[in-house]
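Asks: Please arrange chain W on chain Y, whose structure you already have, making use of the hints.
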Amino acid sequence: MRKLINAPADVVADALRGLAAAHPSLRVDPDAGIVVRADAPRTGKVGLVSGGGSGHEPLHGGFVGYGMLDAACPGEVFTSPVPDQILAATTAVDGGEGVLHIVKNYTGDVLNFRMAAELAEDEDVEVASVVVNDDVAVEDSTYTAGRRGTGATLFVEKIAGALAEEGADLAAVAAVAREVNERSRSFGVALSPCTVPAAGRPTFELGEDEIELGIGIHGEPGRERTKAMTAAEIVDAALTAIDADMPLAGGELLVLVNGMGGTPLIEQYIAYAAASSWLADHGATVVRPIVGPFVTSLEMAGVMVSVCRLTPDLTRLWDAPVETPALRWGR
Amino acid sequence: MNGEQTAAWIRRAAEVVAADADRLTRLDAAIGDGDHGLNLDRGFTAAVAALPEGAPPGKTLIAAGRAIVSKTGGASGPLYGTALRRAGKALGDAEDVDAAALGAALRAALEGVQELGQAVEGDKTMVDALTPAVAAYEAAVPGGDIAACARAAADAAEKGAEATVPMQARKGRASYLGARSVGHLDPGAASTVLILRALSDVTEGK
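Which chain is which? The protein sequence lines are Y and W, in order.
For reference, each letter of the first sequence is one residue, going 86 to 416 in our numbering.
For reference, each letter of the second sequence is one residue, going 2 to 207 in our numbering.
Calculated from the structure, these hints are not laboratory results.
One thing to keep in mind: the hints can contain errors.
Stated by the list, open to error - Some, not all, of what chain W presents toward chain Y, calculated at C-beta under 7 Å:
id: 1; residue: 24
id: 2; residue: 74
id: 3; residue: 76
id: 4; residue: 79
id: 5; residue: 142
id: 6; residue: 173
id: 7; residue: 176
Even glycine gets a Cβ: it sits at the ideal position worked out from N, Cα and C.
Bound conformation, chain Y alone (with noise of 0.2 Å):
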C-alpha cells in the first residue's frame, strides 16, 4: 500500500488538521470529527448538518459554509460517525430554527442519525432529518437495505443550504431536501478498486480489462462485472440505467460527472462530452452541468453520473451564493 499518509490510524484526523489550516472560514476539531462554519449557530437560520464515513472529499466537510451545510461530521474512513459526533455538531448550529439532517442511505448512517436527533431533541433542539437514496443500480429495495446514497448528495445540499440561508423554516428546507432527493438519480462505474487505510488491501480485484458497473461508494462491488468500455460506451451504460428509472426525455436537467477520486478531469470531460451528447440524442435539455469529483471513493478511478430534473425554483436555488471550500460561486 502506497498512500500519502503518516499513519493509517491518524488518516482522518490528520486530514481534519489540513482542511482546518486551509480554511479559516472553518471552525475544525479534528479530534472529535466536527467541522462547522466559523459563524454558526446563525440565529433565526436553520442548521444543515450531514455526515458519513470519510474517503468521500470533498463530500461533506468541503461542504461547509455559506449557501450549503452548517456543520459536517465525518466518521472514520467508511464508517459512520457515531451519534455524540452528530449531536454535538447538531447544537453548534442550532440557531432557534432547528435543525436538517441530511443522511445518506446507509443503514449505519441512518441509525446513527436518528439515535443523534433523539438525543439533540431531549436537549430542545428540533431536528428534520431527509434520506438520500439516489442510486439506481440497487434495484430491489424490498429485499435490500434500499438504494444507497451518492451523488445526488451534492444537490440536495447544494439546494437545502441555499433555501436556509434565505430563511426558509425546517419544514420548507426538508421539503426542498426531499423534494431534489425525488427527482435525483444516479449510476457509478468503476475502472479500479480503492484501498482503506486502516484495511491496506484493496476492496475487490479487477482484472487489467475489467470494469464494474453500478458501483456504490464505499468500494463495495457493484451489480455487474463486464469487460472494459469506452467512455461513451460507459456513459450509455449509466444513462440508460438511470433514464429506465426516471425517464429523461423533456426534462430540463442538473447534470454530474462525478470522477470517483482516481480518474483524471480530462478523462471526466471526455464523459462529458458523451453524458451531453446522449442527453441531447434523447430529448433532455442540459440547463446546469457540473463536472469534477465531488464524491468520492478514495482513490477508486471511475465515473459516476447524476442527475436531477429541476423545476424554476430548484434552479434558482442552485445558481445562489455558495462559498465552501469545494464549491463557490455568486459570491
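Replies: Just chain W now, kept in the frame of chain Y:
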C-alpha cells in the same frame, strides 16, 4: 440477578467479544465492510468503563447501552446499545431481578432492535439469533432459574445463527450483494450468540 452480577455479564461479554474480534471481523469482511469485531470491541470496552458502582441491574444496563451507542459507530452500535438500554428500562429500579423480569427485559431488547433496524426473521441479521433466544428463554421461565433460562437462550441463539448461513441478506450492507451473501454466517447473529453465552456462563457461575 443483582447489579453486581449484571455488571459481571457486561464484563464477560466484553472479554469474549475482544477474544473473538478477529473472527467477527473476518465474517463481516465476507459480506459486509469488515469492521464488526473492531467496532464491537471498541463499544464493549467503553461499556465496561462506563459501568456504574453499586447500581441496580436496570441502571447498569442503561449505562452500558449508552456507552455502546456513543463509541461504536456503524450499525451495530445503535442496535446493541438500544438493546441494552431497552432491557435496562424494562428492569426499572429493582435491586434484584428474577427470571421472569429478565425475560421481559430481553423481549424489550428484541423489540428495540426490530424497531430501530426494521429487520424480521429471515433477513440474515442478529434478529435471527435473538428472536429464538428470547422465545427459548421465555419457554424455560416456568420452573427455571435465570441460569437455566439463559442457557436455553444461548443454545437457541446458536442454532438461529447457524440458520443464517443459507439465507440471502435483506438488510444492511450485505443486502447489496444479493445472492452472493448466501453461504456466510451473519456476523451480527454470531456476536449475539457470544453475548448471550456470556450471560449464561456468568449466571451459572462459570
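Asks: With reference to the structure, classify each hint as holding or not holding.
Replies: These are the hints, each one checked on the structure:
no., hint, result
1, 24, "17 Å, violated"
2, 74, "5 Å, holds"
3, 76, "4 Å, holds"
4, 79, "4 Å, holds"
5, 142, "31 Å, violated"
6, 173, "5 Å, holds"
7, 176, "4 Å, holds"
Checked against the numbered hints given earlier, the structure breaks hints 1, 5 and satisfies all the rest.
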